[in-house]
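2 protein chains.
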Amino acid sequence: MTEADMMRSLAARAKKDSPRLASQSIEIRNTALAKVAELLADRRSLIFEANEKDLLSAEKTGLPLPVIKRLHFDEHKLADVLDGIKSLIGLPDPLFRTLLKRELDSDLLLEQITCPIGVIGVIFESRPDALVQIATLCMKSGNCAILKGGSEAANTNKLLFDLIYEAGLSAGLPAGFLTLAETRSDIDALLQCDKDIDLLIPRGSNSFVRYIMDHSKIPVLGHADGICHIYCDASCDIEKAIPIILDSKAQYVAACNAVETLLVHEAVAAKLLPALSCAAAASGIKLLGDSTASSYIACEPAQDVDWRTEYLDLILSIKIVGDLNEAVDHINRFGSHHTDSIVTEDVNAADLFMLLVDSAGVYHNCSTRFADGFRYGFGAEVGISTGKIHARGPVGLDGLVTYKYKLHGTGQIVGSYANGERSFHFKDL
Amino acid sequence: MTEADMMRSLAARAKKDSPRLASQSIEIRNTALAKVAELLADRRSLIFEANEKDLLSAEKTGLPLPVIKRLHFDEHKLADVLDGIKSLIGLPDPLFRTLLKRELDSDLLLEQITCPIGVIGVIFESRPDALVQIATLCMKSGNCAILKGGSEAANTNKLLFDLIYEAGLSAGLPAGFLTLAETRSDIDALLQCDKDIDLLIPRGSNSFVRYIMDHSKIPVLGHADGICHIYCDASCDIEKAIPIILDSKAQYVAACNAVETLLVHEAVAAKLLPALSCAAAASGIKLLGDSTASSYIACEPAQDVDWRTEYLDLILSIKIVGDLNEAVDHINRFGSHHTDSIVTEDVNAADLFMLLVDSAGVYHNCSTRFADGFRYGFGAEVGISTGKIHARGPVGLDGLVTYKYKLHGTGQIVGSYANGERSFHFKDL
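These protein sequence lines map, in sequence, to chains A and B. Mapping of the first sequence onto the numbering used here: position 347 corresponds to residue 347, and the numbering continues sequentially without gaps. Mapping of the second sequence onto the numbering used here: position 266 corresponds to residue 266, and the numbering continues sequentially without gaps.
Hints listed in this document are in silico derivations from the structure and should not be mistaken for laboratory results. Just so it is clear, the structure is predicted and the values come from calculations on it, not from any experiment. It is possible that some hints are incorrect.
Any copy, or any two copies together, can satisfy a pair, since identical chains are not distinguished.
Cut-off 30 Å, straight-line C-alpha distance, at most; resulting in silico cross-link-like pairs (DSSO-like, lysine-lysine) [what the hints assert, rightly or not]:
1) 286 with 101
2) 53 with 217
3) 217 with 195
4) 195 with 77
5) 240 with 101
6) 101 with 69
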């Protein structure tokens, strides 16, 4: 059996078992999660040992420091992971919710009921805590998960998987509820299982996510770039604008919801830019500006390529615009449809901006950094999606759920409605 | 400019105008629809003339009769189309609906509001009435549409497009609201506009839809195959089963929701099959059976390939199963996740079937032919989706809509929540 065949057969097993997992009660799914937390806590020394092995070989092979940092799975990471599972257990069941209940005719009842998507393929780079997080999100939502981690975390991943798997089986989940893809072949085999995998969730760098989006027919939940904007309108309050810009850029510079480009209405540039320049310097933020911006402050020139660049660094590009429409067009053209904010005291301008900007998040007078499932009160975050099909923006457990229509009859046939013998009365219950 | 470049520039124009269309009020969108109906009625003789041209050249080039039949656009088709527009105007606005309204903190209000998807690419075979139907659905839902019809209907399509376009512009819709792709180059150029087109809706044969799904990175709303099942359980009522089977197969044999395979519990086969055999013969339905079925009735043998075949014809394949689980596994393996029905008097068996079958529609004691947006009371049907991402099953106007998150602040930054100075209180309003 080739490695690609092996992957296909694992995916087929997950697909076959997915309806059985989908039918488990919330009690069983929550018990399974509690057992996961228990086992991870009990066997912590084994986990740390496995992680030590991965760290040692990472150092030997000379992996970059940021990778090694993400690879760490210590008491701190374990505590975070256990907290996450505890809060997940407390969340309401996303399954078996009735979205629509409609009598089509007497004794012909239509229900629209939430159910799991089915099989989720999860592909992640070095962070082993991501494995636990996404596996438990899938367990809560009744989805079978196929996990493919980076080889640099192989020992930690294998142990974490074994513990979660043992916990799930002991709670009564079907064998295919969780799968670890361990073959050395790269992720391409997984990307081709479009008959059995319903959704892919990648966790990693932009280029990693982009690669996955470009090489699979399976729908992907996530985002590659996060090119977010702040637009300071003619009637913006500078006292609000400066802290919002600094927070959006520097509160966590590597985040997808950090701002990359600042658009400034020409009427406010002379006041805003000098103040921003001082504040940015104090925060270590480098400013790049178009030619008009450069006439107000000293800054390096921004090139066209800057409007399409996610710096993930303390760099902010600035462009002066003539009006709100120019700002909107710039954002819709160069942005990544993630999160964009307007700073203005003019409510009509804010409304127009929020109507016209085609992004998952459109904000008024606040930092772009609020784009986050926890800050939205979802209790858990599956990811942030810049797609417009299925879930958009920060995605909670709902993003792992679809629905089916159940129609309960007593022998009805369409012929009697087509010939006028019977007719629908559509009564929502 | 090559034809592919032309298509790209048309798609880019639609994308640029899409936020302007998205911001039109329901009054303007409904006025535009009323003007469409008015113009189509007024200029009917021009439409019929254009259609005559298409019909003449179709006959000259010897197109098959079913194609020529679908090509017809006569008084009857016009009346249907005008009825459709009238009912569409009466439907509630799918836009600007508040799905969630949550205070994250005082003066920090999160809203989740429905909005159009953006740009919809519509690719259809010969039927010109499909052009009107889908263009008006997009207008109602604020989506820009790019239409690509078959060359055999070029004259009719062009005239219908011109009238709809004139009506939309006169009501104040932006220039990019509707585009007719007229280049001779095939649909491949359209399929590659994945930066500007958000969703594809194909209307045509299975192989046509399959081709589109296989050749574009743009998400597709629709279904290729419709392999639907009926499972007659051990405790099924034969008086209900026979009419349900006949209706599901023969009420409209070319429909995607017609049944293709009948699964029969072995305990009921001896009673059900002879009765079915008589009824099927009377309705002109040919039965194919597995070896066990053949021991009860005279029928041609069903091969493995039959379980994967959508006949679109008066043919029904029959397989005898040992229990409900075997039926479920067969359906999940060979079906197309469209619509499947159980006939049984055992409510627990029905519940289990509806839980375990992984299809958009799971029915109890009724015909599979009910899977239809109008029969579900949606007022309009965009299509039927067998995908699990985004809309599933019969899709009404809601399937052309996504949402954005609006966050209204007064200067809030994430830093104050990270350092504990402020905290979220999550109050749903």
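We went through each hint and held it up to the structure:
no.	hint	in the structure
1	286 with 101	neither (56 Å within a copy, 37 Å between copies)
2	53 with 217	neither (36 Å within a copy, 40 Å between copies)
3	217 with 195	both (10 Å within a copy, 16 Å between copies)
4	195 with 77	neither (35 Å within a copy, 38 Å between copies)
5	240 with 101	between (47 Å within a copy, 24 Å between copies)
6	101 with 69	neither (50 Å within a copy, 39 Å between copies)
The structure shown violates the earlier hints numbered 1, 2, 4 and 6.
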